[in-house]
Each structure stands twice: as C-alpha cells, then as structure tokens.
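Note that the protein sequences, when read in sequence, are chains A and B. Our numbering puts the first sequence at residues 3 to 318. Our numbering puts the second sequence at residues 32 to 351.
Keep in mind that the hints were calculated from the coordinates and are not lab data. One should not assume that every hint holds.
Taking beta-carbon pairs under 7 Å as the criterion, some of the chain A residues facing chain B (in silico) [claimed, not checked]:
1. Val72
2. Val75
3. Ala210
Virtual Cβ for every residue (Gly too), placed ideally from N, Cα, C.
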Amino acid sequence: MSATLLPEDRALDSHRASRSRETKRYGFFPGCVAKESCKELFNSTMLLADKLGVELIELTAASCCGASVVNDVNRDVARVLNARTYAQAEALGLDDVITICSTCTGHMRAANKELLESEERMDQANAILGKFGAKYNGGVMVRHLLWMLIDDIGLDNLRKMVVRPLNGLKVAPFYGCHIIRPENVNGWESARNPHSLEDLIEALGGEAVDYAGKTRCCGFHVQLEKDGIATDMVGQNMRMAKDNGAEAVITPCPLCHLALDGYQQDAGARWGRTDLPTFHLPQLVAYALGVPAEKLGLNKHLVDPREIMVQRELIS
Amino acid sequence: MAKIKLDIFRFDEAVDTVPHRDLVEIDAPETITVLDALETAKAEVDGSISFRRSCRSAICGSCSMNVNGVTSLACKTNCKDVIKDDGTIAVDPMPNFQPMKDMVVHMDPFWDKYARLKPYLQAKDKDSDHETERRVSPDDMKKLVDVANCIMCATCYALCPVVSVDPAFAGPAAIAYAYRFIEDVRDAKRDERIAQISEDYLWLCAHCYACSYCPKHVEPNNRIVDVKRAAIKDRVMMNERGPRHALVVSKTIKQTGMLAETEVILGTIGRFNVIGLVKALAPLGPRMALRGKQPPVFVKPIPKVDEVRTIFEALEVPVS
C-alpha cells in the first residue's frame with residue numbers, strides 16, 4: 003500500500019521520512035493518556051520499538067495536544083501549544099514525530115497544517131514562542147505509529163518478523179475518528195474505507211473482521227457531558243463487531259480503548275453482552291513479534307484479553 | 032455500457048413489517064451517477080422503486096441516501112467510484128430516520144430541530160424603521176456564506192453517531208444553522224439563540240468529524256466549535272457540564288502542561304456533586320481501580336511548564 007500524503011508532507015517527505023527510515027530515530031509524542039490511565043500503552047510501545055530496532059525519543063517537555071477540547075475555548079491555543087512541541091522536536095533534530103493516539107494525531111496534524119498554510123499563523127505562533135526563545139521553522143511531520151509501521155517497516159517485513167502468529171484470532175479494527183477524519187487533515191488513507199488495520203491484523207496472522215462500526219465514534223469525548231451516551235455508542239459499535247464474528251478489537255487510540263474497554267459491561271443491558279477485549283495497537287504487534295505477553299499490561303484491561311488468548315492457544 | 036447491479040432496500044410502511052432487498056440490473060455507462068442509475072431502474076425495470084429527487088445537481092438536497100453504507104447525495108456520487116468488484120452498488124435509506132418507502136424516510140425530526148431555531152432573522156427593530164438596507168460588511172458576511180450553502184440534505188444528521196443513540200441532540204445541521212444567525216450582525220437574539228442550542232445539547236457533539244463529509248462543504252464540525260466558543264465568550268449556560276469540561280481541560284493544561292484526567296472529571300461533574308460523581312463514575316471507577324487503571328490523583332507538571340502558561344496568557348485563554 004502506498005501512502006497518500008498531504009501536499010505539505012509530500013514536499014517534505016523525500017528527505018525527512020526517508021532519513022528516519024534509515025536512522026531509525028524518531029521523535030515520540032506519547033500523549034497524556036499513555037502517561038496517565040493507559041501506561042500499558044506506553045510500555046508496550048517502547049517494547050515494540052526495541053523489537054523493531056527503532057529508537058523512539060520521547061519529547062519529554064511537550065504539552066498536551068489540546069485533545070480536541072481546548073479548541074472549544076480558543077481558536078489559537080492548540081495550534082501554538084503544538085508549535086511549541088514542534089520547535090522542541092526541531093531543536094532535538096527529531097523532525098519525524100510519532101504518536102500513539104488517534105486524537106493526538108488528528109489535532110497535531112491539524113495544527114501543523116494551519117501553521118504551514120498560513121504565514122500569518124506561523125508568525126503569530128513564533129511571536130509567542132519567541133518570548134521564551136523558541137522558534138518553529140515548519141519542518142516537522144506528525145505520523146501515527148500505525149502509519150510508521152506500514153510505511154517505514156513495511157507489511158512484508160513485519161510478516162517476516164512475526165514469531166508468534168495470531169492463529170486466526172478474529173480481530174475487529176476500531177480506527178478512532180481523528181486518525182482518519184477530517185480527510186483534508188489526515189488523508190493518509192480513505193476515511194470512508196480504511197484498511198491499514200485490516201492489513202496489519204492479517205500480516206500478524208489474525209483474521210480481520212469487517213463491520214460498519216469500525217470508523218464510527220467511541221463516544222469518549224462526551225462521556226462526561228451526559229451519562230450513558232458513550233456507553234450506548236460503545237454498545238452499538240461492539241454489537242456490530244460481535245455479530246460479525248469478532249473475538250477481540252484492536253485500536254490505535256487509547257481514548258477509544260478506555261471507552262470500549264470500560265463501557266462494554268454497562269452497555270450489555272441495552273445492547274447485549276459483547277465482552278470483546280480491546281488491544282492497544284502496539285500490544286498485539288509486540289506480542290506477535292515475540293515480546294512476552296506478561297510484559298504487555300494485559301492484566302490492566304477491564305475485559306481481560308487473556309481468556310481468548312488462552313482459547314486460541316496464544317498463551318497458556 | 033456496463034451492467035450495474037443495484038442492491039436496493041425495499042420497504043413500504045403501509046404494507047410491510049420487515050424490509051427486503053431487490054437486485055435490479057441495468058445496462059448503463061459506469062460514469063452515470065447513482066441517482067441516474069436509480070432513475071433508469073425505475074423507468075425500465077420497476078416503477079415502484081421510491082426515492083426523493085428533484086434538481087439532480089446537488090442543490091435541492093432531496094436525494095441523500097446510503098450508498099454502500101455511506102450517506103451521500105445520490106446525484107453527486109458517481110457509479111464508477113463506488114461500484115464493487117462484483118458490479119453491485121448497495122442503496123439504502125439514510126440511517127437515523129424512520130423509513131417510509133424504500134429510500135424515502137420520515138424527515139420530521141430533522142425539520143423539527145430546524146423549526147426550534149426560529150431560522151429567520153430577528154432584528155432589533157422593524158424593516159420599516161430603516162430608510163436604507165441593513166448593511167453587512169464583507170468580513171462579517173464571509174463568516175456566513177459557507178453555512179448559507181447548506182441545502183438541508185440531512186447527510187450530516189444521518190451520519191451523526193450521537194443522534195443515533197440520543198435523538199434529543201440537535202444534530203450538526205441545526206447547530207451550523209444556529210451559527211448562521213448567532214454570527215449575523217443584524218440579528219438581535221444572539222444570546223437567546225446560544226441558550227436554546229445549548230439546551231438542545233450543543234455540547235453533546237462527540238468531536239467525531241463524521242459531518243465533515245458534508246457534500247456542500249459547510250463543515251458543520253467547525254461551526255459547532257464556533258458556537259461553543261460563542262457560548263463561552265458570552266458566558267451563556269456556563270454551569271452545564273460541556274463548558275465546564277472545556278474550561279477545566281484548559282485549566283489543567285495551563286497548570287501542568289498535561290490533561291490531568293482526575294481533575295478534569297472532578298471539574299466537569301463538580302467536586303462537591305457527590306451524587307453526580309457516583310452516577311457518572313460507578314461502577315466503572317471502582318472497576319478501573321481494581322485493575323490498577325485509575326488515573327493519577329496528581330499530575331506532575333511537564334518541564335518548562337512556564338512556557339505553556341506564557342502561551343495561555345498571551346492568547347488570553349479562558350480557564351474558568
């Protein structure tokens with residue numbers, strides 16, 4: 003599969019992405035949730051990077067991306083916060099930044115697009131960054147780990163690296179909105195009919211389950227606004243996945259993970275029990291590449307994935 | 032000429048209890064639109080196939096339907112872009128609506144949400160009090176033209192996952208249309224309009240961008256954010272969970288550089304609102320704690336957090 007890049011990415015891609023591909027050094031933006039309630043995502047990402055032989059250098063002084071929420075109070079703040087992160091990445095010579103959250107991906111890319119498209123916005127950001135001696139020169143590209151796996155490592159290489167195939171485990175992909183939409187911000191694959199996760203599941207020896215919910219919303223961002231809304235959105239999507247034969251779910255987004263993993267039990271009352279364990283993307287890849295299952299934090303999940311893994315003879 | 036097989040949802044509420052599907056084959060060039068294909072099927076194969084259409088040019092907004100599971104205007108969707116390898120195209124009525132006959136649905140809930148907006152200019156005085164027209168500067172007009180392109184096709188409403196689980200949500204089109212009047216300098220009911228759309232669950236938008244598929248590029252997703260900013264700027268209905276959530280997220284980022292999960296939950300629901308917290312968090316909170324997955328109570332500020340605070344202050348970002 004060839005990646006579809008945005009114009010600004012395409013112009014920069016020739017020297018940057020290929021350089022990271024060769025040096026195997028990437029800037030790494032873990033995001034808040036991987037540092038707070040989903041530490042198992044952070045840990046399994048680092049274990050996966052070791053297996054892949056790539057270096058993920060964490061941008062430790064980076065702030066939150068804005069989480070799609072700060073836009074609601076101010077049109078500029080998310081853009082300038084992310085410009086600060088990009089300035090840090092540039093200063094460290096890490097212009098290829100990898101994220102592990104769909105929401106971070108979408109909002110960091112949106113900010114970058116706004117900055118690269120408008121000199122006025124770039125000047126506004128740099129005027130503020132200048133107060134503490136920082137400057138963003140527009141040289142950073144943000145990609146999700148999923149895209150890096152497919153573009154830089156490659157599905158064929160991944161297939162060769164698999165030491166513990168998933169034994170036909172039926173996995174439903176759950177993309178999470180912000181890694182595919184809006185199309186003019188992400189654009190790496192079709193938002194209406196993405197298939198990167200399916201390709202990855204099959205490369206790992208699993209069977210991808212198709213269902214209409216795979217590109218729908220998990221409800222995470224409105225879980226606090228009105229009780230029960232996220233629960234219903236989770237129940238609706240997981241019902242479709244289960245009815246189409248899924249035994250587990252994989253998601254590139256920790257927010258989706260929290261919603262799907264957390265609310266399924268409560269959703270059972272209206273949507274019927276689904277109990278689908280929800281893997282973080284790097285957990286399942288790291289497992290197939292030989293990272294010991296007990297290091298992946300699977301015991302942290304509310305719907306325990308170890309049961310189906312025992313049934314499929316993936317762990318004993 | 033190619034064979035196009037339309038896999039059509041068939042249902043007539045007057046006689047059917049359950050829907051069925053018909054496979055209708057037509058000979059036509061692949062370059063025709065899905066609407067043209069349906070017209071051909073109706074004219075040449077089965078005159079009872081029902082769907083709404085009028086302009087055939089993406090202006091009237093009548094022919095929204097699901098094409099291979101994605102809501103689109105049939106007149107703006109080319110067969111060659113959607114036809115599957117086996118030559119079929121699946122055609123269904125829009126989701127989030129009650130089907131009436133085939134692709135025709137009951138649109139009433141959608142129109143009701145428009146009607147609640149009072150979707151007409153409410154100026155502070157009468158036209159007859161003015162000797163000249165009410166002038167709007169080009170800059171002020173620029174804010175409104177995108178939304179004025181809305182053709183009320185309901186594609187965004189059909190795609191909205193929140194509408195699908197909570198029909199009380201106004202939906203993307205109505206919020207975008209509220210924006211059209213909220214930002215109209217001639218309108219005198221700005222705050223009443225913001226309050227009304229807040230009551231219709233403005234803040235229940237899930238940030239999913241499904242409505243970014245709008246065939247007329249109204250971008251309801253961006254207009255929803257604009258209305259939320261207007262609500263915060265004018266301080267309308269600030270004690271709702273939505274604005275509280277947005278502000279506490281901003282506050283924790285300003286304080287720590289991070290989105291501090293525990294503080295966001297307490298700040299959104301209210302730290303002294305014990306019943307609210309129990310209702311929102313039980314039984315999930317204890318279940319997460321049992322697995323060692325509860326968010327940390329305190330979040331350590333990131334290095335150089337002063338820089339983040341400088342950004343918030345330079346932009347005068349509200350945090351309470």
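Should the hint that A/Val72 touches chain B count as held when the rule is a Cβ pair under 7 Å?
Given a least distance of 5 Å, the restraint on A/Val72 holds.
Taking 7 Å as the limit, does the beta-carbon of A/Ala210 come near enough to a beta-carbon in chain B?
17 Å, violated
Cut-off 7 Å, beta-carbon criterion: hint that A/Val75 touches chain B
5 Å, holds
Of the hints listed earlier, the one the structure fails to meet is number 3.
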